[in-house]
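Taking the hints into account, I'd like the entire structure generated from these sequences.
Chains as they are written, first to last, in this note's numbering: chain A, 1 to 100; chain B, 1001 to 1195.
Treat the hints loosely; a few may be bogus.
What the hints assert, rightly or not - Below, simulated DSS-like cross-link-like pairs (lysine-lysine); rule was C-alpha separation at most 27 Å, straight line:
hint, chain 1, residue 1, chain 2, residue 2
1, A, Lys66, B, Lys1167
2, B, Lys1167, A, Lys73
3, B, Lys1171, B, Lys1082
4, A, Lys93, B, Lys1053
5, B, Lys1167, A, Lys46
6, B, Lys1087, B, Lys1053
7, B, Lys1183, A, Lys66
8, B, Lys1087, B, Lys1167
9, B, Lys1082, B, Lys1167
10, A, Lys93, B, Lys1082
11, B, Lys1167, B, Lys1183
What the hints assert, rightly or not - Computed footprint of chain B on chain A; a stretch qualifies when at least three of its residues, placed anywhere within it, have a C-beta under 8 Å from a C-beta of chain B:
hint, stretch
12, 42-48
13, 51-65
14, 70-76
15, 88-96
The set of hints was computed from the structure by calculation and includes no laboratory data.
Backbone N, C-alpha and C fix where the C-beta goes; we use that ideal spot for every residue, glycine too.
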Amino acid sequence: MTTKNRLMRRLKGTMLSRVHGMITCREFEEFVLGYLDGELPAQQAKIFDWHLRICRECREYLAAYKRTIEVGKAVLGPGHEPVPEDVPEDLIKAVLNSRK
Amino acid sequence: MPDPQREKPVDSGIAIDSEELVRANIGWMLALAERLLRDRGLAEDVVQESFVKAYEGSAGFEGRSSLESWLHRITVNTALSKLRQLKRLAEQPIDENLPEFDRFDCRIELPWSRLASVEEVMESDDTRRRVYETIGELPDSYRVVLWLRDIEEYDTSEVATLLGISKSNVKVRLHRARAALKKLLEPVLRAEELQ
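Written as structure tokens, this is what we have:
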């Protein structure tokens, strides 16, 4: 990381932690789930949105986080279950035999 | 003498213990159990136990849900009991894949020049398989919560009850599971190999 980048991060961190109505990236992390579930009170949601506007890292992180959920649902969701073609006949017999 | 309770047709006129019903459902139940347990032998045990529970509880099936969703729920519950029995649901370390912050509490996140679309990921057998396998790499205690909430779409309270943990613990595990999965899937999501 260059000296300029380090300085910029330091300034950003100081601003986010000291200015009223702003949150740091670490604090932002704690709100992600509540934000996506629509459970944040209006004022907290506003602070979260404000952080998103000014923080490239959290904006891109959140986009990738949401895409991860979508991709997971697409790969594992209904209609994509890998149904085994070879259910062992022994298992079927065992199930049928377990009927009393 | 036949037991009239067990002979009662429960759905579409098919008796719960008919061979037809077993053959029609055993494949997806096995896949479901294997997905949860990541072990074919244990999954077979769970399927057998699930059918036994279905036979025993068939009088409790009131047709409010489809027969398939009833069997689905029995299979999930039985698989979770198995995981609990094997003590595989205790919290395990996942920290190395969680988001990182510098000493100023700023997020460390490399710039994303491109984020793959769901369609791009789904287009290739290879990327689909990698997503599937990567989810399987998550520790059980996180993977199961992610799977129940995001894939099965149980709500937080239901997951808490199923796993015997608090609602806030479900939320923490879900968020960590998603965050860790995001990190593990970065090579796919950054679309480096899709271009």
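Verification of the supplied hints:
{"no.": "1", "hint": "A:Lys66 - B:Lys1167", "verdict": "holds, 21 Å"}
{"no.": "2", "hint": "B:Lys1167 - A:Lys73", "verdict": "holds, 22 Å"}
{"no.": "3", "hint": "B:Lys1171 - B:Lys1082", "verdict": "holds, 23 Å"}
{"no.": "4", "hint": "A:Lys93 - B:Lys1053", "verdict": "holds, 16 Å"}
{"no.": "5", "hint": "B:Lys1167 - A:Lys46", "verdict": "holds, 25 Å"}
{"no.": "6", "hint": "B:Lys1087 - B:Lys1053", "verdict": "holds, 22 Å"}
{"no.": "7", "hint": "B:Lys1183 - A:Lys66", "verdict": "holds, 12 Å"}
{"no.": "8", "hint": "B:Lys1087 - B:Lys1167", "verdict": "holds, 20 Å"}
{"no.": "9", "hint": "B:Lys1082 - B:Lys1167", "verdict": "holds, 21 Å"}
{"no.": "10", "hint": "A:Lys93 - B:Lys1082", "verdict": "holds, 22 Å"}
{"no.": "11", "hint": "B:Lys1167 - B:Lys1183", "verdict": "holds, 25 Å"}
{"no.": "12", "hint": "42-48", "verdict": "violated (count 0)"}
{"no.": "13", "hint": "51-65", "verdict": "holds (count 9)"}
{"no.": "14", "hint": "70-76", "verdict": "holds (count 7)"}
{"no.": "15", "hint": "88-96", "verdict": "holds (count 6)"}
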